[in-house]
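Number of protein chains: 4
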Amino acid sequence: MVRKADVIIVGGGVIGSSIAYYMSARGMKVILLERDRLGSQASNAAAGMLAVQAEITEAGPMYDMARASRALFPQLAMDLKELTGIDIGLKRKGMLRVAATEADVGEVQRILDFQKKEGERAEWLSAKQVRQQEPGISSEIQGAMFVEEDSHVDAPELCYAYAKAAAALGAQINEFTEVKSLLYTQGRITGVVTGEEELFADQVVVASGTWSGPLLAQAGLTCPIYPVKGECFSVLSHSQLIQSTIFSDGCYLVPKKGGRIVVGATMIEHSYDRRVTIGGISKLLEAAKRILPDIVDAEWEQAWCGLRPQTMDGLPYLGEHPKLKGLYVATGHYRKGILLSPITGKLVADWAEDKSEQVLSLASFRVDRHQNDPSEEEVMSL
Amino acid sequence: MVRKADVIIVGGGVIGSSIAYYMSARGMKVILLERDRLGSQASNAAAGMLAVQAEITEAGPMYDMARASRALFPQLAMDLKELTGIDIGLKRKGMLRVAATEADVGEVQRILDFQKKEGERAEWLSAKQVRQQEPGISSEIQGAMFVEEDSHVDAPELCYAYAKAAAALGAQINEFTEVKSLLYTQGRITGVVTGEEELFADQVVVASGTWSGPLLAQAGLTCPIYPVKGECFSVLSHSQLIQSTIFSDGCYLVPKKGGRIVVGATMIEHSYDRRVTIGGISKLLEAAKRILPDIVDAEWEQAWCGLRPQTMDGLPYLGEHPKLKGLYVATGHYRKGILLSPITGKLVADWAEDKSEQVLSLASFRVDRHQNDPSEEEVMSL
Amino acid sequence: MVRKADVIIVGGGVIGSSIAYYMSARGMKVILLERDRLGSQASNAAAGMLAVQAEITEAGPMYDMARASRALFPQLAMDLKELTGIDIGLKRKGMLRVAATEADVGEVQRILDFQKKEGERAEWLSAKQVRQQEPGISSEIQGAMFVEEDSHVDAPELCYAYAKAAAALGAQINEFTEVKSLLYTQGRITGVVTGEEELFADQVVVASGTWSGPLLAQAGLTCPIYPVKGECFSVLSHSQLIQSTIFSDGCYLVPKKGGRIVVGATMIEHSYDRRVTIGGISKLLEAAKRILPDIVDAEWEQAWCGLRPQTMDGLPYLGEHPKLKGLYVATGHYRKGILLSPITGKLVADWAEDKSEQVLSLASFRVDRHQNDPSEEEVMSL
Amino acid sequence: MVRKADVIIVGGGVIGSSIAYYMSARGMKVILLERDRLGSQASNAAAGMLAVQAEITEAGPMYDMARASRALFPQLAMDLKELTGIDIGLKRKGMLRVAATEADVGEVQRILDFQKKEGERAEWLSAKQVRQQEPGISSEIQGAMFVEEDSHVDAPELCYAYAKAAAALGAQINEFTEVKSLLYTQGRITGVVTGEEELFADQVVVASGTWSGPLLAQAGLTCPIYPVKGECFSVLSHSQLIQSTIFSDGCYLVPKKGGRIVVGATMIEHSYDRRVTIGGISKLLEAAKRILPDIVDAEWEQAWCGLRPQTMDGLPYLGEHPKLKGLYVATGHYRKGILLSPITGKLVADWAEDKSEQVLSLASFRVDRHQNDPSEEEVMSL
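Heads up: the sequence lines are chains A, B, C and D, in that order.
So for the first sequence, full-length UniProt numbering puts the first residue at 1; every next one is plus one.
So for the second sequence, full-length UniProt numbering puts the first residue at 1; every next one is plus one.
So for the third sequence, full-length UniProt numbering puts the first residue at 1; every next one is plus one.
So for the fourth sequence, full-length UniProt numbering puts the first residue at 1; every next one is plus one.
Treat each hint with caution, since some may be false.
The list cannot tell twin chains apart, which means a pair is met if one copy fits it or any two copies do.
Quick list of in silico lysine to aspartate or glutamate cross-link-like pairs, DMTMM-like style, CA-CA up to 25 Å [unchecked claim]:
1) 81 to 299
2) 93 to 294
3) 117 to 286
4) 323 to 120
5) 29 to 294
It should be emphasised that the hints constitute simulated quantities derived from the structure, not laboratory data.
These figures come from a predicted structure and were not determined experimentally.
Work the whole structure out from these sequences, hints included.
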């Protein structure tokens, strides 16, 4: 076991694993620390939508970042397959954001106008056109926005592939390793303390999702992150019930390989409870039946849930600690962790290499945006 | 591996395993053959209700047999625990057959009158009394019949315990062994042919549930048996949501150990398809929520299904082949296999010992009741 | 549910599923019948080696067929991914057939000479060269034959992808459907009888592996097939312990995606018993440790087993019934079912289309090679 | 959700759950907090031996406590069954501590002498007597100590039953709830802070096993606890291969219900890594085969591991905080958590009720035995 590296990454979810991959790819010596198993929290629970259009409905840095990140996936999928043999299941069959009622039509069309204005290929389909394209969809649907470029991946495979690709490039992966505290001296990070030992590096990245808060607090940073529990289930059928992702107010349906569909997701704020409830499943089932009546004949596969790391303003924390050189933060990606994982990995690798040119404006994601400016003494006295 | 025994039992479900146990307990040398794993079909899928009162609503030989069998469970539970260490989870906390609507009240009260006439302890509870006894039950319920003696067991444990008790008493258990045909000569059974070898015994018992037909047909017996698929799911909670079994038209809820509840069951006739469908789960979920609204907070555990072996007149086939001495049939128990397993095991053991005195009238269960009398030549020429 | 098709395929393993795919791809209407789940027997249990060189050590029709089939995989992998989204994990990193002792060296070199003579790219590596290429291999190894073109796939994914691709092309897949008998009239097949109904087609393919015998016997064909049980286990590690497949006398190690290694396989003839034994695991563990000492640090994943369908002469049965037009047989592929699945699917599709030109000599695989010529009357009188 | 109770217990393993049960049984209002699932760490991984004689080979407070605790099990088993329906699988079939070599004979006989001196029923069996009693044991065994009163339970069932019994008696169980810090004022504990809220109680019990250290450190207590990883596997057979527990230097074999045997356990100090390794399984397999050669025919079930909480002197920490009234510690039970769980639960309930009479001498278990006496100020200033 190596105890000294160029960079130590805290958190083996999709964000931490992506960072480990991009840094290893640039020749840095990486140690990736995960307190449980790789991807065992939010990352493996995700449906894997790269849903720039479904969830981001206003212009701004998040929208720009999402588009930039989505564009990285085709090459990424090939690179990860080459390095690890793992297929991340990238599928670009578009997304239908359906209007279930007359009242929804206006809202969906507003989003459509925004997408078009931003230069995305998106179009309105009438109820009849929707059913021509997806014959299984309920005749109750009033119409839909169709976004041709929308795509999705297998979230557990993506997280696993990042980590395994990092390992193939020389990274050391330590599962079941909890970081207790940070080591630093004279305004520079120097390493971390785990349950068993001290590990040293010039750079440390905190990417622990919902569990990032306490570690950052030790460094004087107030980055409030809270969990939003999401329950999902999946069904199987021999033939494909739908071709595109179907997105509505009550649920979304993501068609995976081999006739599988993932149905998600409930949103329960501030719950660390990872039990799937009868109420949650029941709500999703009813919503899915309303949109896709034929789903009743599909086979039940399984149910699961995950905790997405949410922030007060809905934006992730991305950046270097203002006072502790070498300590980077990349967390709070909420429901966009899968989508934003490549751009996040790339950005952190850029910072570590001190690359100055940055196309994206990152001011909105500053790690110290939620705090009363701590004096340097405060940080140092921790 | 022994190839000669006193008796060969074909089918390692709860009926075949019970017979193996009772025969072994009387000193007979038993070989139990199961084509897959013990209990892998209907037996492990059952909710384990010993529901004399819920399902049998008319006097007759089935009712008598059910009551006689239920009475065997307390001693049986102790004997199986002693021999195998397995607790079959016998729990006698009564059963509430609820009337969900005004219209149901009449039907439930008719069943209640029948139970009382037959000397069972059963009583009518008003809506208020129902909720005093089970505070979680919906205020929509109009009343209920309460049967104090109703009990239930853990079905998978029961089947397993029978087989393991038989093994402890010397029986040989061969899983993954399919019987291809019967061996007989001069009007006597002499053994069976499996996929790999011939096995010999003076007595053969066919107890293969839904799969019994073809083997019996080889012996000239027409015993039509068809599958009725049943889907179930289970939930977990730390505290007990209900004390008694709740039985309604749409579903039943059986409270198991440790706060677990089994919710069952759909009825899909003539389906061998063992996939659990979204439609099935959805129906049960809605029915369970109507009766026990608090179930929405319980945790989802799992879903499964089983194929119950049904006959044309709803009665099992129990008895000796009319022309082939030593060939016994014990199958077609439909939803009452768990309940009737002890009496069935005892009866078959009695026959094998030629015990003449029989308290129960078995004429209704004759194995040749569904056929044009085959001549002896027909049987022999097979 | 459709009850009339161009072809009915009996058996949803890798062979039946491949046939379903190739026939569907040519526009035939296919019904695929499987008594349990797709691939639930030998197919999902395989390690997925496309091991022309490891197991076939003599020239002949089997060797020719194996090479022809292996050549189909690269295009097949792309086609299945396109149709189903499923990646079959085709990986071409070569195979090392190691000589563990001085005594083995001669035998391995004999095989090497044969391979070279047949035009395969194969070379001898000294002990030192072996460890340069695969540093984890034990220093006890004396040398190895390296076959650069050797490749492997994920067997469960392959079977699943064939079936799902067939479904995407219009095939109907019926799981949990057991075929009881064949229907024919005047020397032509007309359909099959399942547990629940009659299904009709002009062509029927029997591809039921170990379970094919009884159905073929009904048609007067003696095609003895017996099971050879094989146990396997798998391990996980973050970094790749080996790059190529390692093949020795005691076991083989196949490096799968994400650092997984499959270790196989025991060979227990005439056993239908699907339980994994302590003895089997123990033998494989010891053999794997001898070849790859570092495997002790890898993580235990799981153990499983499958039943491979073997024939008396080690060759599959491939061809049309000599008397019953339209009844095809494709079974008995033993340990080569994965490798031979594409060529088998293609051949059967050719026959069904009456394509006369056949590059391969199939006389050795005739379905009636093991029987006294049955008269047409015998077949018809069944 | 209740936020105020008489006592808050931190840790839902077998120790915390036992305390929750005994306190609830005395009418206290209990909140049990577990950061993951009940029993998900060491408790569910244990083989369940109540092995007073196997592991404790010297007189002292640990020996006295172990005997006192073992004596509580028969009544406890009945009480838990009554309250929850859960059978904890208490089985008293004795234990054979075998001497595998001549050299071992002396050591085993020394332990035997000690046991006899302390008044335990224990006897020496010659090699021949061992095989008369357990015919499956290897003929290599030189003899054994037989302890008739030795017994065992199903460890996962025990932990679950404690918690469910507590819930049945009114306790509130919060899984997925991590305690971040303690609340106290003026030398008295007042509650805890979880990831989401503050919870209040007059008494707090820390029973978090390997994870207790940081929380206790917050209260100024130095209670070093480190994990000792233990790997196990289990096998199945239809008939019982052994009747008694077999204990040797290399492994132990514990016969569970239904023909199951648990084989344990490796000992890897200071490892938080919960992966089961090939090396660990391999060692246990070899040791088990040496003692019980027939185990090769048994069926592989599964492998798992757990982290046992060990202390510097091998004794648990049991007692009240010297300066913070109402803060109790009960942790560090290492391999004896199952055995000591009832006496621990009873003791903590006694303390909470201020029962002065204590039969056992607890000085050896003092919570402050490993520290330089902290001044009250130090504690308060945290």
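Hints, one by one, checked against the model:
For a Cα distance limit of 25 Å, the shortest separation of residue 81 from residue 299 across copies, 23 Å, qualifies, whereas the shortest one inside one copy, 30 Å, does not. When the C-alpha separation of residue 93 and residue 294 is checked against a cutoff of 25 Å, the pair qualifies only within one copy, where the shortest distance is 20 Å, while the shortest distance between copies is 40 Å. Taking the shortest Cα distances, residue 117 and residue 286 never come within 25 Å of each other, neither inside one copy (35 Å) nor across copies (44 Å). Taking the shortest Cα distances, residue 323 and residue 120 never come within 25 Å of each other, neither inside one copy (40 Å) nor across copies (63 Å).
Proximity of residue 29 to residue 294 under the C-alpha cut-off of 25 Å is restricted to the inter-copy arrangement: shortest distance 23 Å between copies versus 51 Å within a copy.
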